[in-house]
Amino acid sequence: MLHHRLVIIGGGPAGLAAAHGAYEEGERDILILEREEHLGGILNQCIHNGFGLHTFKEELTGPEYASRFIDLVKKDNIPYKLNTTVIDVNKDKIITAVNQEDGLLLIKADAIILACGCRERPRGAINIAGARCAGIYSAGTAQKLVNIDGLKVGKEVVILGSGDIGLIMARRMTFEGAKVKAVCELMPYSSGLNRNIVQCLNDFDIPLYFSHTVIKINGKDRVESVVVAKVDEKLNPILDTAFEIKCDTLLLSVGLLPENELARTCGVELSRVTNGAIVDESMMTSMDGIFECGNVLHVHDLVDYVSEESTNAGKSAVRYLNKSISSRDQVLEVKTSNGVRYSVPQLIKKDTDYTPIQFKMRVSNVFKNVEVALFVDGEKVAKKIKQIVTPGEMETLLVKEDIVKKIKSGQNVELTLVKRG
Amino acid sequence: MRELICICCPLGCHITVDDSDLNNLKVTGNSCLRGDKYAREEVTCPKRTVTSICKVAGGEIPVVPCKTKDTVEKGLIFDVLKEISKVTLKAPVHIGDVVIKNVLNTGVDVVATKNIDIKR
Amino acid sequence: MHKDIIIIGAGVVGCSIARELSRYNTSILVLEKENDVSVGTSKANSGIAHAGFDAKEGSLKAKFNVEGNKMMKKLSEELDFPFKQNGAMVLGFEDDSIDKIEELYHRGIANGVEQLRIIRHDEILKLEPEINDQVQVALLAPTSGIVSPYEMTIAYAENAASNGVTFVFGAEVNKIDRKGHTFVITTIDNQTYECETLINCAGVYADKIYELAANKEAPFQIVPRKGEYCLLDKTYGYLTSHTLFQTPTKMGKGVLVTPTTHDNIIVGPNAHDEESKDDVDTSIEGLNEVWNKALLTMPHLPKRGIITQFAGLRAHAKNYDDFIVGYDNDVINLYNVAAIESPGLTSAPAIAVHVAKEVAEKMKLSENNAFNPIRKGIPHFAYLSNEEREALIKENPLYGHIICRCEVVSEGEIVEAIRRVPGAKDLDGVKRRTRAGMGRCQMGFCTPKVMEIIARELHEDITSVTKKGHESFMVDKR
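Residue numbers (our numbering), protein chains in the order written: chain A, 1 to 421; chain B, 1 to 120; chain C, 1 to 478.
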């Protein structure tokens, strides 16, 4: 059996940043396991620009952003194995992985960072009735076929879901010569970034139907049309509003789900809200020495935040290995209320480490003119004023040492929205 | 008055441009200088960065992603795409390699945004 | 092409008959209009090896069901397909349910079903704690089992092929003539095939094939009876280990909740007679109907656990409640195996033995001493021990390259699925043989990779790859 102090599962943006963070913290025995042929993860197919303004203060495309971190990891000489799929992680932190060269690999790790990303919600999960023919793709699958394999996915396209991948693919398909006939969004608002509605839909006069969904797919061999209907407040389709759109392709961009199969097999406690692990401020899960970061922990909309969070996870894992962080004896639960759906981290350790904490959260609806506020025992200790918050955009709240100290000496910690004016 | 959503970064600031005097535009709501520049351009001559793919011969994958190194006039997007579609690069390709120099005389280069190795 | 016997239809009935007939010295051809075996009724059903208490005493359904059920275990070992004797319960929720349960119990005894027992509330919940607490009584049938219906059909087909049976796909029959006693069959692509004995296993199209062969209206009409299903993620496999039926009431037959042989949970089917013989679309109403009925069995069924839905058509005979199995009275040497609706899957092995025996007798066929009853399935990496995995990768490194992450399917398995005879030619064919794409992401990640492997193995351009044959191209031509 092989042994490594730190094994990072996933060589996408989260895994790469975690590896580099761990290296910076002084760790030299790191191994990255990546199931695909290349490092960089999903960024390799996100050829549009808009990445890296936070991290590198310039606007990069996905592959360029990935290459910055790949270069760092290569410069650090951190070993990695490609085409290597982890099939099991157990409670003793023994990893079972497989590839063509090594065959079956058993690796004992002292610490593990799960950075396996997320997957797209499939058609079945949203109950669209109708035919099961060719031409129905999740948006990310289509993105891979177009941007990496150089294939043409379809000529007349309807997109369900206005998440960022859906919006980006609307433009991408348009660039590839397809006609995007409609983007339908179940909710009365988009879960994608506003900038993408402007530059991916409005620029090309692609209609966006809010509060509409696809209720049926028609076609024998290939999609021939879809039936779209308006939905009521409870999101149920109103059947007499249904209309048919002729198309040969339906792209689904209906949400991302953290890919937590490995976390589940080794007993990591998961959140029903984020579908990721429940972590403390060091990004450690309920399993001692197992950390999570990036989209496997909770779905991000900005890769810059993934990098930041993962760097933290990498550094924390090293501090754990060096026994310089406390174990999770006593914790405070970060409660969320009044429109805040969740917080990451969910738990704060009651120790004397007062390193600043970046809270990340999502809201449950669109709210205007609000404060994102943190209360400790009823006292507002931190806030951020926002003109608008939407479920599509992750909110953050950075709290400094003195506030962390207050939190850690408090009893009741709550993240909430406060209406202004 | 024009209401815009800034596309410079994912923040998507809601910007207002007072365009009653085209020689003296007033921009509010932006949170950085890039937003100011975007708003002024969007009212006078909207521009976009174009990202697409370009064929590669002999590479490990058949296409390489590319982008215009700076923004080009919005109206030229499809012409730029057409130019890109005429090119076939030869592997290996490196990030920053020029795909098209000074595309359509815009003064802007189209460059590769990914490293593509030679097919094994 | 001339063969002694031609079988039309490569569903479980056609394939099992082909295999049983390959025990004899004869030449056999199977014609299938689709791109693969098991793409009609045989792929979209509940996958139950019924115990046999449901069919009317003395019927062919009852006879073949009970016989088939008893054959299933040995057959699954010979042909290496997933089968598990998980037991079934028929649940009664009403005061008068006991009457119906007792009726089923007595019918089961009459049909020769073993180990049947009537059990009450506490024992039911002890066996399956997730069942609706309102349950009063149940019929427990320990001999009931679950099979993977398409894997069973594929196994039959592969074994038949290795024993000399020929399969032709994309062969939709549109004309059947007679030249003396010889049948001359023409397909839509203008190929002709000749045979002495014609076995009609065309499922929902059996009446159409009859009409072509007999040149007159069929004595039986096949009504496609649609059943819709929802499939749940493996995470919810703990919900039940037994197959759970509902007691038929005035309100209808109810739906079942059952584990599959791969630990998913399947819910369904409803039953609606259709006009079209190839419409397997699901409908919002139908899926809601299935789901709401299933809630009676299990009120906490998690809707968010659904990963896919599908529909299948049962070949139901109009105004006739039994299988149709036998030589035709009017058309000489035409053998009909029609109206094989539920419990058709369970019955298929017994029907096949029966048909093969009758045909062999009539044609005076001698036994084929070279017949090999054993078929080894494709190794499923996910289900192997680490030692077996290691050995497999050493032998063929492609087994070390995981393509479908959800179901842990390797490139080695996919390549093997394509190279088998009859092999997979499209994405759905690979999926049924290897489970690549059957998991929770439903082909999100592995679609491009599987397309690439199919194109490479079949020496075709990737733009020719289809989902399920015909015009179901995945991407546009360049």
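Hints were generated in silico from the structure; no laboratory data involved.
Be a bit skeptical, because a hint or two may be false.
In silico BS3-like links for lysine-lysine, alpha-carbon gap of 30 angstroms or less [claimed, not checked]:
#1 A:Lys246 / B:Lys82
#2 B:Lys37 / A:Lys386
#3 C:Lys477 / B:Lys119
#4 A:Lys246 / B:Lys101
#5 A:Lys234 / C:Lys303
#6 B:Lys55 / A:Lys368
#7 C:Lys477 / B:Lys90
#8 A:Lys152 / B:Lys37
#9 B:Lys55 / A:Lys74
#10 B:Lys37 / A:Lys57
#11 A:Lys246 / C:Lys293
#12 B:Lys69 / A:Lys384
#13 A:Lys57 / B:Lys69
#14 A:Lys155 / B:Lys55
#15 B:Lys55 / C:Lys449
#16 C:Lys477 / B:Lys86
#17 C:Lys449 / B:Lys90
#18 C:Lys318 / A:Lys234
#19 A:Lys81 / C:Lys318
#20 C:Lys84 / A:Lys152
#21 A:Lys155 / B:Lys37
#22 A:Lys152 / B:Lys86
#23 A:Lys246 / C:Lys449
#24 A:Lys74 / B:Lys119
#25 A:Lys179 / B:Lys55
#26 A:Lys74 / B:Lys69
#27 A:Lys335 / C:Lys303
#28 A:Lys216 / C:Lys253
#29 A:Lys323 / A:Lys335
#30 B:Lys101 / A:Lys181
#31 A:Lys181 / B:Lys90
#32 B:Lys101 / A:Lys152
#33 A:Lys220 / C:Lys3
Partner residues are not named here, just some residues of chain C that face chain A (Cβ under 8 angstroms, in silico) [stated by the list, open to error]:
#34 Val184
#35 Lys394
#36 Arg419
#37 Glu471
Here a beta-carbon is modelled for each residue, glycine too, at the ideal position from N, C-alpha and C.
Here is how each hint holds up against the structure:
For the suggested pair lysine 246 of chain A and lysine 82 of chain B, the alpha carbons sit about 27 angstroms apart, so the restraint of at most 30 angstroms is met. A hinted pair counts as satisfied when its Cα atoms are at most 30 angstroms apart, and lysine 37 of chain B with lysine 386 of chain A qualifies at roughly 23 angstroms. For the proposed pair lysine 477 of chain C and lysine 119 of chain B, the alpha carbon gap of about 23 angstroms is at most 30 angstroms, so the pair holds. Simply put, lysine 246 of chain A and lysine 101 of chain B have alpha-carbon atoms about 40 angstroms apart, too far for the 30 angstroms limit, and the pair is violated.
Under the criterion of a C-alpha separation no larger than 30 angstroms, the hint pairing lysine 234 of chain A with lysine 303 of chain C is consistent with the structure, at around 16 angstroms. A distance of roughly 46 angstroms separates the Cα atoms of lysine 55 of chain B and lysine 368 of chain A; the hinted pair therefore is violated under the 30 angstroms criterion. Simply put, lysine 477 of chain C and lysine 90 of chain B have alpha-carbon atoms about 23 angstroms apart, close enough for the 30 angstroms limit, and the pair holds. With a C-alpha separation of about 36 angstroms, the suggested pair lysine 152 of chain A and lysine 37 of chain B falls outside the 30 angstroms cut-off, and the hint is violated.
Pair hint lysine 55 of chain B plus lysine 74 of chain A holds up; C-alpha atoms about 27 angstroms apart against a cutoff of 30 angstroms. With a CA separation close to 16 angstroms, the supplied pair lysine 37 of chain B and lysine 57 of chain A stays within the 30 angstroms bound. A threshold of 30 angstroms between alpha carbons decides the hint, and for lysine 246 of chain A with lysine 293 of chain C the separation of about 34 angstroms lies outside it, so the pair is violated. Restraint check: the Cα-Cα separation between lysine 69 of chain B and lysine 384 of chain A comes to about 35 angstroms, which exceeds 30 angstroms; the hinted pair is violated.
Taken as a hint, the lysine 57 of chain A and lysine 69 of chain B pair is honoured in the structure, with Cα atoms around 16 angstroms apart against an allowance of 30 angstroms. Annotation: proposed proximity of lysine 155 of chain A to lysine 55 of chain B holds, straight-line Cα distance about 20 angstroms (limit 30 angstroms). Proximity of lysine 55 of chain B to lysine 449 of chain C is assessed by CA-CA distance (about 20 angstroms); at most 30 angstroms being required, the pair is judged to hold. Our distance criterion of 30 angstroms between C-alpha atoms is met by lysine 477 of chain C and lysine 86 of chain B, whose separation comes to about 18 angstroms.
The suggested pairing of lysine 449 of chain C with lysine 90 of chain B holds, with an alpha-carbon distance near 24 angstroms, which does not exceed 30 angstroms. For the suggested pair lysine 318 of chain C and lysine 234 of chain A, the alpha carbons sit about 42 angstroms apart, so the restraint of at most 30 angstroms is broken. Only pairs whose Cα atoms come within 30 angstroms are accepted, and lysine 81 of chain A paired with lysine 318 of chain C is rejected, the gap being roughly 61 angstroms. With a C-alpha separation of about 43 angstroms, the suggested pairing of lysine 84 of chain C with lysine 152 of chain A is violated against the 30 angstroms cut-off.
A distance of roughly 36 angstroms separates the Cα atoms of lysine 155 of chain A and lysine 37 of chain B; the hinted pair therefore is violated under the 30 angstroms criterion. Between lysine 152 of chain A and lysine 86 of chain B the CA atoms are separated by roughly 16 angstroms; this keeps the pair inside 30 angstroms, and the hint holds. Only pairs whose Cα atoms come within 30 angstroms are accepted, and lysine 246 of chain A paired with lysine 449 of chain C is accepted, the gap being roughly 29 angstroms. Restraint check for lysine 74 of chain A and lysine 119 of chain B: the C-alpha separation of about 21 angstroms stays at or below 30 angstroms, so the hint holds.
As the CA atoms of lysine 179 of chain A and lysine 55 of chain B are separated by approximately 22 angstroms, the hinted pair is consistent with the 30 angstroms bound. Annotation: proposed proximity of lysine 74 of chain A to lysine 69 of chain B holds, straight-line Cα distance about 26 angstroms (limit 30 angstroms). The suggested pairing of lysine 335 of chain A with lysine 303 of chain C holds, with an alpha-carbon distance near 27 angstroms, which does not exceed 30 angstroms. In summary, the hint linking lysine 216 of chain A to lysine 253 of chain C is supported, as the alpha carbons are separated by about 27 angstroms, within the 30 angstroms threshold.
A hinted pair counts as satisfied when its Cα atoms are at most 30 angstroms apart, and lysine 323 of chain A with lysine 335 of chain A qualifies at roughly 28 angstroms. For the hint linking lysine 101 of chain B to lysine 181 of chain A, the alpha-carbon distance of about 34 angstroms lies beyond 30 angstroms, and the restraint is violated. With a C-alpha separation of about 35 angstroms, the suggested pair lysine 181 of chain A and lysine 90 of chain B falls outside the 30 angstroms cut-off, and the hint is violated. The suggested pairing of lysine 101 of chain B with lysine 152 of chain A holds, with an alpha-carbon distance near 27 angstroms, which does not exceed 30 angstroms.
Taking the CA atoms of lysine 220 of chain A and lysine 3 of chain C, the gap is about 33 angstroms. The hint is violated against a cut of 30 angstroms. A hinted interface residue such as valine 184 of chain C counts as satisfied when its beta carbon comes closer than 8 angstroms to some beta carbon of chain A; here the least separation is about 30 angstroms, so the hint is violated. Evaluation of the lysine 394 of chain C hint against chain A yields a held restraint, the C-beta minimum of about 6 angstroms falling below 8 angstroms. The restraint placing arginine 419 of chain C at the interface with chain A is violated, with a minimum CB-CB distance near 18 angstroms, outside the 8 angstroms limit.
The beta carbon of glutamate 471 of chain C is positioned within 8 angstroms of a beta carbon in chain A (closest approach about 4 angstroms), and the interface hint is therefore held.
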